[in-house]
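Number of protein chains: 2
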Amino acid sequence: MRVRRGTGGAVVRVSIVGLGAIGQEVLKAVQARPGLRLVSVADPALVGRDAGDAAGVDACGVVVVAGAAEAFSRDVDVALVLTGSSVADVEPVVELAAAHGIDVISTCEDLAYADLATPELARRIDARAREGGITVVGTGVNPGFVMDRLPLTLAAACVRVDHVHVTRIVDAAKRRAPLRAKVGAGLTVEEFHAGVAARRLGHRGFGESCALVGLGLGLPLDDVRTTIEPVVAERPGVPAGRVAGLRQSAVGVRGGREIVRLDLEMSVGAPDPRDAVVIQGDPPLDVVIRGGTHGDRGTVGTVLSAIAPVIAAPPGLKTILDLALVA
Amino acid sequence: MRVRRGTGGAVVRVSIVGLGAIGQEVLKAVQARPGLRLVSVADPALVGRDAGDAAGVDACGVVVVAGAAEAFSRDVDVALVLTGSSVADVEPVVELAAAHGIDVISTCEDLAYADLATPELARRIDARAREGGITVVGTGVNPGFVMDRLPLTLAAACVRVDHVHVTRIVDAAKRRAPLRAKVGAGLTVEEFHAGVAARRLGHRGFGESCALVGLGLGLPLDDVRTTIEPVVAERPGVPAGRVAGLRQSAVGVRGGREIVRLDLEMSVGAPDPRDAVVIQGDPPLDVVIRGGTHGDRGTVGTVLSAIAPVIAAPPGLKTILDLALVA
Chain A
6 MRVRRGTGGA VVRVSIVGLG AIGQEVLKAV QARPGLRLVS VADPALVGRD AGDAAGVDAC
66 GVVVVAGAAE AFSRDVDVAL VLTGSSVADV EPVVELAAAH GIDVISTCED LAYADLATPE
126 LARRIDARAR EGGITVVGTG VNPGFVMDRL PLTLAAACVR VDHVHVTRIV DAAKRRAPLR
186 AKVGAGLTVE EFHAGVAARR LGHRGFGESC ALVGLGLGLP LDDVRTTIEP VVAERPGVPA
246 GRVAGLRQSA VGVRGGREIV RLDLEMSVGA PDPRDAVVIQ GDPPLDVVIR GGTHGDRGTV
306 GTVLSAIAPV IAAPPGLKTI LDLALVA
Chain B
6 MRVRRGTGGA VVRVSIVGLG AIGQEVLKAV QARPGLRLVS VADPALVGRD AGDAAGVDAC
66 GVVVVAGAAE AFSRDVDVAL VLTGSSVADV EPVVELAAAH GIDVISTCED LAYADLATPE
126 LARRIDARAR EGGITVVGTG VNPGFVMDRL PLTLAAACVR VDHVHVTRIV DAAKRRAPLR
186 AKVGAGLTVE EFHAGVAARR LGHRGFGESC ALVGLGLGLP LDDVRTTIEP VVAERPGVPA
246 GRVAGLRQSA VGVRGGREIV RLDLEMSVGA PDPRDAVVIQ GDPPLDVVIR GGTHGDRGTV
306 GTVLSAIAPV IAAPPGLKTI LDLALVA
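Going down the list, the sequences are from chains A and B. Under our numbering, the first residue of the first sequence is numbered 6, with each subsequent residue one higher. Under our numbering, the first residue of the second sequence is numbered 6, with each subsequent residue one higher.
Keep in mind the hints are simulated off the structure, nothing from the lab. It cannot be assumed that every hint is accurate.
Copies of the same chain are indistinguishable here, so a pair counts whether it falls within one copy or spans any two.
[To be verified] Straight-line C-alpha distance at most 25 angstroms; calculated SDA-like pairs for lysine to any residue:
no., residue 1, residue 2
1, Lys179, Val293
2, Lys187, Glu100
3, Lys33, Thr231
4, Lys179, Ala93
5, Lys179, Arg247
6, Lys179, Leu224
7, Lys179, Arg128
8, Lys33, Gly223
9, Lys33, Asp327
10, Lys33, Arg247
11, Lys33, Val52
12, Lys187, Gly223
13, Lys179, Gly89
14, Lys187, Thr123
15, Lys33, His168
16, Lys187, Asp287
17, Lys187, Arg262
18, Lys187, Arg129
19, Lys179, Asp55
Next up, chain A with everything else stripped away, as it sits in the complex:
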């Protein structure tokens, strides 16, 4: 049968704030995707350079500026904010975006559910976003996909959900050096614990994913408990007795009962890398992504895929629960 073609939408003008490793990959993906046009890039470390050149691809005629204020002085529809991990880090950029009427998609992990750890900040950002008529959302592969959007998509096929268990196992040997640093690979156990205490180590946005799952199930959690411990195991490339990576868990409890459990291992040489979602309920579901979802590539993908739904969404600080699948 014949399928009618959709009409092409208008070009979306994109600004990138933060041209680090992820920002550079996002830039390449924006350039490659029809319907998106890169109009400005901000990164204080790369001021004056051509953004394409700085990202290791062809020069693109967009000169990197120092900050969002300059980047947003152009006509921009959506800003991809790829800088800090805490809501306080990105708040000033969101305020600027609101003043310019620019939607925001950010990989800031805590912004995935800002209400959890910083409810007052969340309320302020939501108010500013509504005033400015913009949508603000935090997403990425995790938080944003593996441990929240994916299990909730699966749970939507269930009549009843009793428990959700997500496992993500990442072989850090196959990822970038910053990931290995983030998981403490090569440290002593003492250094690991000191790094965790100083919040230099560990995966961010974990409690946020857990709380989002409870919220999405219609079973808001009473409590989210997170733990983190070193993986000390004989692994190629890891000195004996040193840390190969970490194991983090988040448990979401409601009415004294565990509803959600998230288990994350990111370590050098982790066996059987995968993402898995097991839903106890009616019907039960047992799902595995063999080999797992590549973290960096998945983050770039989720950010780009959020552009159309965010543009279509009503104003305010939103979560991935609020977005249409495609728009």
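Place chain B on chain A using the hints.
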């Protein structure tokens, strides 16, 4: 950390149109889910009976009426229309719902993407829905989940998608007799082909899922080709030489290249029942739901899960692409 509880929303008043096997299961699920209240049920075959009693559970005080006109004369927020498979079958009910300002969620397979086979009817329904301020959507486990929503949710984690392949293998021995009848189990090969020609056999909504995937990928298909063939194999409970079930395929093509492939086998004793999604792209994804998603239970789940997003959605004839994950 402490999680703030959400505020409970208002009770949603539900009408069920069609109290067949799925309707009865939907009724039980509506009764079991907080926040939903069953206010009317229509089914010409069960007029005058208590709907709960007719569904094999406790009497619920809702007396079954003959048709949607009567059912919609009550104060209803959303109608669950669980009757026909063709858009023309359900159009009159949708017209009534529009006149009463009642949102519609239907398991009508062709309604999942009415634009594919019946574009004029789709435009008329869309216009009526907008006039009446209602949202209309077709969903279920398939179409609605396994072969469209799920692969598109996964694809949203990709920077680039080259090809999507979904496989669904259902052991018909473990499902209801109507499913075995629908797949031709026990027929001769000649009877099977006659049944296909008469559209008595086969899975509906297959081309619709394929087209939705193309649309959701931003790669609207030029053509969707569907095939159907009998599975003739030695299987317990199937007389030698008779049909055990069917294999259906849909292939979506764009610019001469295959973009989407959907393979469905539903047969008595089908080995290794599962749902699988393989995405070739960046990153590639290889996903399996071990044992598969139970068809009836999944359909009931998807219908109930659509209620909140449909209520939140703007008016018009929508697809599962347009709905928020949770709302």
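So, going through the hints one by one against the coordinates:
1. Lys179 x Val293: For Lys179 and Val293, both the intra-copy (19 angstroms) and inter-copy (23 angstroms) Cα distances are at most 25 angstroms.
2. Lys187 x Glu100: Classified as neither; 29 angstroms inside a copy, 57 angstroms across copies.
3. Lys33 x Thr231: neither (35 angstroms within a copy, 36 angstroms between copies)
4. Lys179 x Ala93: neither (31 angstroms within a copy, 53 angstroms between copies)
5. Lys179 x Arg247: For Lys179 and Arg247, the Cα distance is within 25 angstroms only inside one copy (19 angstroms; across copies 51 angstroms).
6. Lys179 x Leu224: neither (36 angstroms within a copy, 31 angstroms between copies)
7. Lys179 x Arg128: For Lys179 and Arg128, the Cα distance exceeds 25 angstroms both inside one copy (39 angstroms) and across copies (50 angstroms).
8. Lys33 x Gly223: Cα proximity of Lys33 and Gly223: across copies only (18 angstroms, versus 38 angstroms in one copy).
9. Lys33 x Asp327: Cα proximity of Lys33 and Asp327: none, with 27 angstroms in one copy and 27 angstroms across.
10. Lys33 x Arg247: neither (37 angstroms within a copy, 55 angstroms between copies)
11. Lys33 x Val52: This pair counts as within: shortest intra-copy Cα distance 18 angstroms, inter-copy 62 angstroms.
12. Lys187 x Gly223: Result: close neither inside a copy nor across copies, 33 angstroms intra and 35 angstroms inter.
13. Lys179 x Gly89: So Lys179 and Gly89 pass the 25 angstroms test inside one copy only (24 angstroms; across, 51 angstroms).
14. Lys187 x Thr123: within (23 angstroms within a copy, 54 angstroms between copies)
15. Lys33 x His168: between (39 angstroms within a copy, 21 angstroms between copies)
16. Lys187 x Asp287: between (38 angstroms within a copy, 24 angstroms between copies)
17. Lys187 x Arg262: neither (32 angstroms within a copy, 42 angstroms between copies)
18. Lys187 x Arg129: neither (30 angstroms within a copy, 55 angstroms between copies)
19. Lys179 x Asp55: Close neither inside one copy (30 angstroms) nor across copies (61 angstroms); limit 25 angstroms.
Checked against the numbered hints given earlier, the structure breaks hints 2, 3, 4, 6, 7, 9, 10, 12, 17, 18, 19 and satisfies all the rest.
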